[in-house]
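Trainee: Going by the UniProt record's numbering, the residue at position 11 of the sequence shown is 11; the numbering climbs one at a time, nothing skipped.
If you're looking for bench data, these hints aren't it; they were derived computationally from the structure. Bear in mind that the values here come from a model prediction, so they are computed numbers and not experimental data. Think of the CB as a built atom: it goes at the ideal place given N, C-alpha and C, for glycine as much as any other residue. Incorrect hints may have been included.
To be verified - The following label-pair restraints were derived from C-beta to C-beta distances:
| no. | residue 1 | residue 2 | range |
| --- | --- | --- | --- |
| 1 | Asn70 | Ala91 | 27 to 37 angstroms |
| 2 | Ala30 | Gly72 | 19 to 29 angstroms |
| 3 | Gly106 | Asp24 | 21 to 31 angstroms |
| 4 | Val78 | Lys10 | 12 to 22 angstroms |
| 5 | Ala30 | His71 | 42 to 52 angstroms |
| 6 | Arg8 | Met51 | 17 to 27 angstroms |
| 7 | Ala30 | Leu81 | 43 to 53 angstroms |
Claimed, not checked - When the alpha-carbon atoms are kept at most 25 angstroms apart in a straight line, the in silico SDA-like pairs for lysine to any residue are as follows:
| no. | residue 1 | residue 2 |
| --- | --- | --- |
| 8 | Lys53 | Gln41 |
| 9 | Lys53 | Glu3 |
| 10 | Lys90 | Glu67 |
| 11 | Lys10 | Arg38 |
| 12 | Lys10 | Arg68 |
| 13 | Lys10 | Pro83 |
| 14 | Lys90 | Met51 |
| 15 | Lys53 | Cys101 |
| 16 | Lys53 | Arg38 |
| 17 | Lys90 | Asn70 |
| 18 | Lys53 | Ala30 |
| 19 | Lys10 | Asn44 |
| 20 | Lys53 | Leu9 |
| 21 | Lys53 | Ala22 |
| 22 | Lys90 | Arg79 |
| 23 | Lys90 | Val78 |
| 24 | Lys10 | Val39 |
| 25 | Lys90 | Gln41 |
| 26 | Lys10 | Met51 |
| 27 | Lys90 | Gln46 |
| 28 | Lys10 | Ala29 |
| 29 | Lys53 | Gly72 |
| 30 | Lys10 | Ile59 |
| 31 | Lys10 | Ala30 |
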Amino acid sequence: MSEEMENRLKTLRADLQRRVSAIDADLGAALDPDSEDRVTQLENDQVLMEMRKEAREQIISIDAALERLNHGSFGRCVRCLDPIDPGRLKAIPYTPYCVTCARLAG
1 MSEEMENRLK TLRADLQRRV SAIDADLGAA LDPDSEDRVT QLENDQVLME
51 MRKEAREQII SIDAALERLN HGSFGRCVRC LDPIDPGRLK AIPYTPYCVT
101 CARLAG
């Protein structure tokens with residue numbers, strides 16, 4: 001399972017990195033001089049910046065999951081050390097918490 005999970009995490013990380021690069025390219029585009037279009041573009045840029053922030057946070061979480069995988073602690077909650085339900089890992093492979101601790105963490 002660890003090799004399969006490592007591949008899954010690395011694929012997910014690469015997809016997120018491509019998304020961040022595409023967002024960076026969109027954000028680097030010149031603003032439209034038309035004031036109505038410019039307002040819309042600025043609003044879109046705010047959405048893109050939030051999407052980029054979320055993708056970067058997921059990349060950090062994936063990197064941490066890969067570290068846990070390399071150290072043999074992957075699949076155990078970092079808070080209580082109980083095993084994380086396989087269904088939860090399937091849904092969120094980079095999660096550091098079991099369901100109980102995730103609820104406590106907020």
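Trainee: Compare the structure with each hint and give your call.
Mentor: Taking the hints in turn, this is what the structure says about them:
In this structure, Asn70 and Ala91 break the distance hint of 27 to 37 angstroms, their C-beta atoms being roughly 22 angstroms apart. Judged by the Cβ atoms, the range 19 to 29 angstroms given for Ala30 and Gly72 is violated: they are separated by roughly 49 angstroms. Under the hint 21 to 31 angstroms, the C-beta atoms of Gly106 and Asp24, about 30 angstroms apart, fit the expected range. The hint said 12 to 22 angstroms for the Cβ distance between Val78 and Lys10, and at roughly 20 angstroms that hint holds.
Distance hint for Ala30 and His71: a CB-CB separation of about 46 angstroms, consistent with the stated range 42 to 52 angstroms. At about 22 angstroms, the CB distance of Arg8 to Met51 agrees with the hint of 17 to 27 angstroms. Range check, Ala30 to Leu81: Cβ separation about 52 angstroms, and the 43 to 53 angstroms hint holds. Our distance criterion of 25 angstroms between C-alpha atoms is met by Lys53 and Gln41, whose separation comes to about 18 angstroms.
Taking the CA atoms of Lys53 and Glu3, the gap is near 28 angstroms; set against the 25 angstroms cutoff, the hint is violated. With a C-alpha separation of about 18 angstroms, the suggested pairing of Lys90 with Glu67 holds against the 25 angstroms cut-off. A distance of roughly 37 angstroms separates the Cα atoms of Lys10 and Arg38; the hinted pair therefore is violated under the 25 angstroms criterion. As the CA atoms of Lys10 and Arg68 are separated by approximately 14 angstroms, the hinted pair is consistent with the 25 angstroms bound.
For a cut-off of 25 angstroms, the pair hint linking Lys10 to Pro83 stands: about 22 angstroms separates their Cα positions. Taking the CA atoms of Lys90 and Met51, the gap is about 23 angstroms. The hint holds against a cut of 25 angstroms. As the CA atoms of Lys53 and Cys101 are separated by approximately 24 angstroms, the hinted pair is consistent with the 25 angstroms bound. Proximity of Lys53 to Arg38 is assessed by CA-CA distance (about 22 angstroms); at most 25 angstroms being required, the pair is judged to hold.
With a CA separation close to 18 angstroms, the supplied pair Lys90 and Asn70 stays within the 25 angstroms bound. For the given pair, Lys53 sits about 21 angstroms from Ala30 by alpha-carbon distance, which is consistent with the 25 angstroms threshold. A threshold of 25 angstroms between alpha carbons decides the hint, and for Lys10 with Asn44 the separation of about 29 angstroms lies outside it, so the pair is violated. A distance of roughly 19 angstroms separates the Cα atoms of Lys53 and Leu9; the hinted pair therefore holds under the 25 angstroms criterion.
Using a Cα cut-off of 25 angstroms, the hinted pair Lys53 and Ala22 holds, with the two alpha carbons roughly 13 angstroms apart. For the given pair, Lys90 sits about 19 angstroms from Arg79 by alpha-carbon distance, which is consistent with the 25 angstroms threshold. Among the hinted pairs, Lys90 with Val78 is consistent with the structure: their alpha-carbon atoms are about 17 angstroms apart, no more than 25 angstroms. Under the criterion of a C-alpha separation no larger than 25 angstroms, the hint pairing Lys10 with Val39 is inconsistent with the structure, at around 37 angstroms.
Between Lys90 and Gln41, the direct Cα distance comes to roughly 37 angstroms. Violation of the 25 angstroms bound is thereby established for this hinted pair. With a C-alpha separation of about 20 angstroms, the suggested pairing of Lys10 with Met51 holds against the 25 angstroms cut-off. A distance of roughly 31 angstroms separates the Cα atoms of Lys90 and Gln46; the hinted pair therefore is violated under the 25 angstroms criterion. Only pairs whose Cα atoms come within 25 angstroms are accepted, and Lys10 paired with Ala29 is rejected, the gap being roughly 29 angstroms.
For the suggested pair Lys53 and Gly72, the alpha carbons sit about 29 angstroms apart, so the restraint of at most 25 angstroms is broken. About 10 angstroms separates the Cα atoms of Lys10 and Ile59, which keeps this hinted pair within 25 angstroms; it holds. A C-alpha spacing of about 33 angstroms is found between Lys10 and Ala30, which places the hinted pair above 25 angstroms, so the restraint is violated.
In terms of the numbered hints stated before, the structure departs from hints 1, 2, 9, 11, 19, 24, 25, 27, 28, 29, 31, listed from lowest to highest.
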